[in-house]
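Participant: The residues making up each chain are set out below.
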Amino acid sequence: MKYLGFIIVLALTIVLALAVSGPLGPVPPLAPLLDPNHGFWQNSYSEDKRVEEEVLLENLSAPVKVTYDEQLIPHIFAENELDLYRAQGFVTAKHRLWQMEFQTMAAAGRISELVGPIALDLDRMTRRKGLGYGADQGMKFLQEQDQETLSLIEAYADGVNQYIASLTPAQLPVEYKILNYTPEPWTAYKSLLLLKYMTDMLVGDRDLEYSNLYKILGGEKLNFLFPEYPIGIDPVVESEHKWDFTPLSISKPDSVTYPDDMLVIDPLPQPEEGIGSNNWAVSGTKTKSGSPILANDPHLSLNLPSLWYAMQLTTPSNSVKGATLPGALGIISGFNEHIAWGVTNATKDTRDWYKITFADDSRKTYKYGEGWEETTFRIEEIKIKGAETYLDTVVYTGFGPVVYDKSFKSERQDVNFALKWNVHEGSNEQKTFILMNKATNHAEYNAALNNYTAPAQNFVFAAKNGDIAMRIQGKFPLKWKGQGKFFMDGADPKMEWQGYIPNEQNPSTLNPSRGFVSSANQHPVDSTYPYYVFDNSYEFYRNRRINSRLMEMNQITIQDMQALQFDDYYLLAAEALPTMLQLLGKEYEANATGQKYIQELRDWDYYADPNQKGPTLFYIWWDKVYDQIWHELTSFGVPIVTPSNYRTVQLLKEQPEGEVFDLKKTPELETAAFPVKKGFELMLREMEELVSKDADYQWANFKKTSIQHLVPQFKPFSVENVYTGGGRGIVNATSERHGASWRMVVELGEEMTAFGIYPGGQSGNPGSKYYKNFIPLWADGEYLNFNIRKADQADAVLFQTTLSPNL
Amino acid sequence: MKFISFFCVTALVVILLNPIFQYWVIMIIIAVLAMVMGSSGAAAFFGGGLGMGVAWLGQSYFIVATTGSSLAEYMAELMGLGSSLMIHLVTAALGFLLGSFSGWTGSLFRAIMKRKPTDYYKG
Chain A
0 MKYLGFIIVL ALTIVLALAV SGPLGPVPPL APLLDPNHGF WQNSYSEDKR
50 VEEEVLLENL SAPVKVTYDE QLIPHIFAEN ELDLYRAQGF VTAKHRLWQM
100 EFQTMAAAGR ISELVGPIAL DLDRMTRRKG LGYGADQGMK FLQEQDQETL
150 SLIEAYADGV NQYIASLTPA QLPVEYKILN YTPEPWTAYK SLLLLKYMTD
200 MLVGDRDLEY SNLYKILGGE KLNFLFPEYP IGIDPVVESE HKWDFTPLSI
250 SKPDSVTYPD DMLVIDPLPQ PEEGIGSNNW AVSGTKTKSG SPILANDPHL
300 SLNLPSLWYA MQLTTPSNSV KGATLPGALG IISGFNEHIA WGVTNATKDT
350 RDWYKITFAD DSRKTYKYGE GWEETTFRIE EIKIKGAETY LDTVVYTGFG
400 PVVYDKSFKS ERQDVNFALK WNVHEGSNEQ KTFILMNKAT NHAEYNAALN
450 NYTAPAQNFV FAAKNGDIAM RIQGKFPLKW KGQGKFFMDG ADPKMEWQGY
500 IPNEQNPSTL NPSRGFVSSA NQHPVDSTYP YYVFDNSYEF YRNRRINSRL
550 MEMNQITIQD MQALQFDDYY LLAAEALPTM LQLLGKEYEA NATGQKYIQE
600 LRDWDYYADP NQKGPTLFYI WWDKVYDQIW HELTSFGVPI VTPSNYRTVQ
650 LLKEQPEGEV FDLKKTPELE TAAFPVKKGF ELMLREMEEL VSKDADYQWA
700 NFKKTSIQHL VPQFKPFSVE NVYTGGGRGI VNATSERHGA SWRMVVELGE
750 EMTAFGIYPG GQSGNPGSKY YKNFIPLWAD GEYLNFNIRK ADQADAVLFQ
800 TTLSPNL
Chain B
0 MKFISFFCVT ALVVILLNPI FQYWVIMIII AVLAMVMGSS GAAAFFGGGL
50 GMGVAWLGQS YFIVATTGSS LAEYMAELMG LGSSLMIHLV TAALGFLLGS
100 FSGWTGSLFR AIMKRKPTDY YKG
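Chains as they are written, first to last, in numbering that gives the first Met the number 0: chain A, 0 to 806; chain B, 0 to 122.
Here chain A stands alone, though its shape is the one from the complex (with noise of 0.2 Å):
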């Protein structure tokens, strides 16, 4: 009986032991994650308490200091550069592991490997659209051209990796123990997949929309709703630039058919609306100081862990501070102690899809001019976790690869286009960064710049001894006018991009007379510019606004710039609002609420601060009148853009009996007051419903800016409701989950001065007091001092560990 009673409690108790050990469902392992000593409890712990004061590398030359300043800056101080990005790899991965391979799974199309079957479309489409060939052909080129920018992405690797070693389960970050999984070895080839991940989520086209607008529409009026450079544009490079070079020649086809079907199907994901970025610089004749001010802040979706990592990179030679992207070398965004620099997505069509005519089912050989070219196939093997690995086979012809084909999406009508984007080629964006960190001059800022292809940005410059420049780079395609706007025939060799633009043609500027430089995602060039450049995307009203203060301020102080980043003027409203009042008359007088509305919206200075209500009512206004606008032209139904708020507002204001008004099936004919009121009276049913559940409708809690973890649904991971203003279009361009990742203002005197902030904090730790902690001063449009340290600096410091050789 004893026996058995014996037998039963231990086969009980091993039966709860193995219950609390594994997965039960979506539940992680139970006992690993609420043990005290080792489950998530340890991740409570912020940095400061977890202070090493010496670690044992291998492959270190020299010891390396490593100082956090009072905000878990760290500043590394190296001997040289391979020592510096093997610490570098070391110290982000201990801040931020879980964010920098997630990223990168994600970039590689291997989700499922973490949550299963759920995301075996996602990650199919992610590798058809050939972001893991591109970091192939990325380390390809490395390997055979430039071993010597490899061997420190190696190096960075390998600092990750001794992380990695180095972490007991009680340090694992929670990500993983909540995921129930545990990091794999960093390699060189992820640090490039990072950066084509970055091109993925920064460039886009619409092939697809423009061709059904072009069915739809024809191209004449195509071109009147959509033109390529609408009157009163604000290009990057400023109008009066003279181009001072010989363009090469492009030969655009005699004839050149589009094709001819409606197609039914949905866009490949596009970028978010509302990523873009400002910067700009002012030369010392518009400041107060005489020295220059360098201004940067990119707009991407607002995340934690956040995607920038601030740091300081020292070597006896150089000191370089700023921004870094976890997972790739150097400083991003920043200033060493002669330049600054800065950047924005130069958002230009380098993407396009061909259509491709397999010669049988095999589809071993296509048709190409007169004759067959073969493909190549590539397996993609995805692994699922919970399930059997998936092989996908993904066709390569000589443009790219075939996204959708019989296999994957076969009901779409564009099965059997490729894509060619300049993503797919060996490039080397790794070295730009390497280089930038220590140029010291506008030479070497160039020198650097040469070896950028994508994601195309427009990179600002300001050195000490005075020099602002400009210079939109990336491998763009030599194109024809009109060429990969719409879908091409990939059996017509006529339809090939017929190379590149030369890199010193590039649109760039220095020291222009108007004495500052700025991009804001806007068309980089007025129609002067010898080569076709063609964006669905381009900014029209930060790039004004920017540029009009820019050229009104002087004396301008370090002050001044960070006002203008937190600028929250709305551009859009000052100059549709007006309008829309006229439009809408006297028609709802006699109705209370609508009289309210009015004259709030009357009594609005046209600042979408936190506090105002003005913007809610002209956001939801002029969202409906949009709609109302465009409204036939979306019942199509089938995948289109509709035309910018900028040539809507043109079109209302200088066109109001226009023929684009008129709604075909009514008999009367409609003028732009239509879809006004009728946008009036949809807004303030939207009102109603709206005040009925939250009677508080100021900008802040109608837009509720939220900062979403990585995980959408580690919700208690994020942070919601920020009070902030700002909002799409407006230089401070946080909408409800995108904005200004980064801000930093960067004055280049004899010293430099430096500020930054980001929405986030420098732990990936959400246990962590330093996870969050920036976000309430950058809601403020508050700063941190970025001043460069010295190795030997004393004050502000939280802590040091000095990483040794192990000999």
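These are calculated hints, taken from the structure and not from any lab test.
Possibly wrong hints are sitting among the right ones.
[Unchecked claim] The calculated DSS-like cross-link candidates involving lysine-lysine, where the alpha carbons are at most 27 Å apart (straight line), are:
(1) A/K480 with A/K493
(2) A/K612 with A/K664
(3) A/K480 with A/K366
(4) A/K595 with B/K1
(5) A/K463 with A/K480
(6) B/K113 with A/K408
[As the list claims (entries may be wrong)] Some residues of chain A that are not near chain B, with every Cβ distance over 12 Å (derived):
(7) D491
(8) D559
(9) E588
Even glycine gets a Cβ: it sits at the ideal position worked out from N, Cα and C.
Mind docking chain B on chain A? Use the hints.
Facilitator: Chain B alone, transformed into the frame defined by chain A:
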């Protein structure tokens, strides 16, 4: 008396050794201790359970008190437990389960071991 001493020993083992060893090693140690100390079934069950449960509860409160971190609240919300009090209690309950069954197993094992010599002398 045996209950109190076993409770104290278990708690001490968790506090001193759990930081080094995973929970399943601690379970084995508790079982061995129950066997060696000769606790009765109830004393081993409740002493081991309360020893580990209270130690885990204490450790979790100690961590929150010394770090001021909100992670416990976040985790409680994430796991659908509502408040951070609940996640402390769930942690303690899990500790109790693991400790109690380990202690009970150990004491029963000792009971089997004891029986043989008794039979031998009688025989």
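Participant: Hint by hint, work out which the structure violates, then give me just those numbers in ascending order.
Facilitator: 2, 4, 5, 6
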